[in-house]
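There are 4 protein chains.
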Amino acid sequence: MKVIVDFCLVPIGVGVSVSKYIAECEIILKDAGLKTQLHAYGTNIEGEWDDVFGAVKRCHERVHEMGAPRITTTLKVGTRTDRVQTMDDKVKSVQEKLLGV
Amino acid sequence: MKVIVDFCLVPIGVGVSVSKYIAECEIILKDAGLKTQLHAYGTNIEGEWDDVFGAVKRCHERVHEMGAPRITTTLKVGTRTDRVQTMDDKVKSVQEKLLGV
Amino acid sequence: MKVIVDFCLVPIGVGVSVSKYIAECEIILKDAGLKTQLHAYGTNIEGEWDDVFGAVKRCHERVHEMGAPRITTTLKVGTRTDRVQTMDDKVKSVQEKLLGV
Amino acid sequence: MKVIVDFCLVPIGVGVSVSKYIAECEIILKDAGLKTQLHAYGTNIEGEWDDVFGAVKRCHERVHEMGAPRITTTLKVGTRTDRVQTMDDKVKSVQEKLLGV
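Line by line, the protein sequences are chains D, S, X and L.
All residue numbers for the first sequence refer to the numbering used here, where the first residue is 1 and numbers rise by one.
All residue numbers for the second sequence refer to the numbering used here, where the first residue is 102 and numbers rise by one.
All residue numbers for the third sequence refer to the numbering used here, where the first residue is 203 and numbers rise by one.
All residue numbers for the fourth sequence refer to the numbering used here, where the first residue is 304 and numbers rise by one.
If you're looking for bench data, these hints aren't it; they were derived computationally from the structure.
Beta carbons: idealized from backbone N, C-alpha and C, even for Gly.
A portion of the hints provided could be inaccurate.
Here are the simulated DSS-like cross-link-like pairs (lysine-lysine), alpha carbons at most 27 Å apart as the crow flies [claimed, not checked]:
1) X:Lys294 to S:Lys136
2) L:Lys338 to L:Lys400
3) S:Lys136 to D:Lys30
4) L:Lys395 to L:Lys333
Pulled a few chain L residues facing chain S out of the computed Cβ check, cut under 7 Å [as the list claims (entries may be wrong)]:
5) Val313
6) Ile315
7) Gly316
8) Gly318
9) Met369
10) Gly370
11) Arg373
12) Thr375
13) Thr377
My request is simple: use the sequences and hints to build the entire structure.
Below is the structure:
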């Protein structure tokens with residue numbers, strides 16, 4: 001089952017600067033061979049369900065190892081059976097409507 | 102790794118009434134032996150990471166089988182290494198502050 | 203426009219214990235006359251759009267005043283025009299399906 | 304109070320194709336003079352609290368007018384008092400860590 005996910009991990013108890021933890025997660029996602037797109041409030045991920053959620057679990061494990069005692073993550077998870085749709089397709093579909101295509 | 106999750110699955114393309122899909126997910130979560138608490142905008146789940154996410158995957162599979170062509174799910178996922186904390190502990194901790202305990 | 207919201211505020215940069223900030227938000231929501239239901243990963247709120255979002259803004263302002271330099275909040279926001287539905291209705295609707303009503 | 308928001312509106316009861324509703328919201332956000340960035344699972348928005356939430360409310364009103372009987376929206380809402388930070392700053396901060404800057 002293919003899935004498109006929006007992933008936003010927030011380490012708690014390590015101060016206000018969290019970008020080094022997010023960068024570490026980006027590396028884990030890339031190492032898992034997943035297609036990703038970083039944005040200002042999370043990372044879009046595209047892949048097979050088990051690959052994506054395996055990588056998300058490793059992010060939690062790794063961020064705890066880095067010293068964060070507590071983590072809260074927000075995920076949006078999209079699946080569909082009617083057709084194949086990529087992250088690019090989703091953005092393009094809205095942009096075409098805006099251009100009147 | 103223990104996890105506390107807030108799970109909100111939304112089937113798309115099956116009309117406005119979605120409670121029968123949510124009820125089916127409640128059964129899947131219970132059958133997985135997970136502790137759950139239904140609320141007005143999702144379900145809190147407590148358990149081991151793999152058990153919880155295995156059940157969430159089965160919910161997506163089952164809701165598609167029931168005829169929903171598209172699903173968008175929102176998850177909040179909390180882990181901590183500093184101490185053990187249950188769903189009840191979290192609510193109690195806030196309520197004690199409110200009571201001035 | 204009536205709205206049902208799930209509200210989860212996370213102060214960042216104040217350590218791992220956040221319940222006193224959540225308790226303060228509960229008071230703000232109650233003072234705004236909103237119907238609320240605390241759960242293990244947030245608070246359900248029912249009310250008029252402007253009342254609810256005015257209270258959410260005051261929560262951010264107050265938690266900053268209490269010393270949190272950074273806040274990340276997750277909201278789920280539900281509106282419908284086909285019929286009136288309360289938080290209790292939503293839970294009951296799922297529970298009835300589970301009971302085979 | 305400046306805010307960075309991640310906004311994901313899902314119309315329910317209008318079938319599986321929702322891009323025309325999202326496109327309409329993009330126009331509303333632009334008309335409000337807000338800085339936005341569309342991604343595969345939502346739209347990042349940067350602006351003053353009242354401007355952003357005023358526009359989000361208009362999106363709900365407009366999508367209902369377009370015929371959607373039910374809407375569920377997910378928002379992530381970030382505020383900070385320790386320093387000014389834009390959407391670009393957030394992405395850059397992670398990218399610099401990845402490049403070892």
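Results for each hint:
{"no.": "1", "hint": "X:Lys294 to S:Lys136", "result": "holds (19 Å)"}
{"no.": "2", "hint": "L:Lys338 to L:Lys400", "result": "holds (25 Å)"}
{"no.": "3", "hint": "S:Lys136 to D:Lys30", "result": "violated (33 Å)"}
{"no.": "4", "hint": "L:Lys395 to L:Lys333", "result": "holds (23 Å)"}
{"no.": "5", "hint": "Val313", "result": "holds (6 Å)"}
{"no.": "6", "hint": "Ile315", "result": "holds (6 Å)"}
{"no.": "7", "hint": "Gly316", "result": "holds (4 Å)"}
{"no.": "8", "hint": "Gly318", "result": "holds (6 Å)"}
{"no.": "9", "hint": "Met369", "result": "violated (15 Å)"}
{"no.": "10", "hint": "Gly370", "result": "violated (12 Å)"}
{"no.": "11", "hint": "Arg373", "result": "holds (5 Å)"}
{"no.": "12", "hint": "Thr375", "result": "holds (6 Å)"}
{"no.": "13", "hint": "Thr377", "result": "holds (5 Å)"}
In summary, the numbered hints that this structure violates are 3, 9 and 10.
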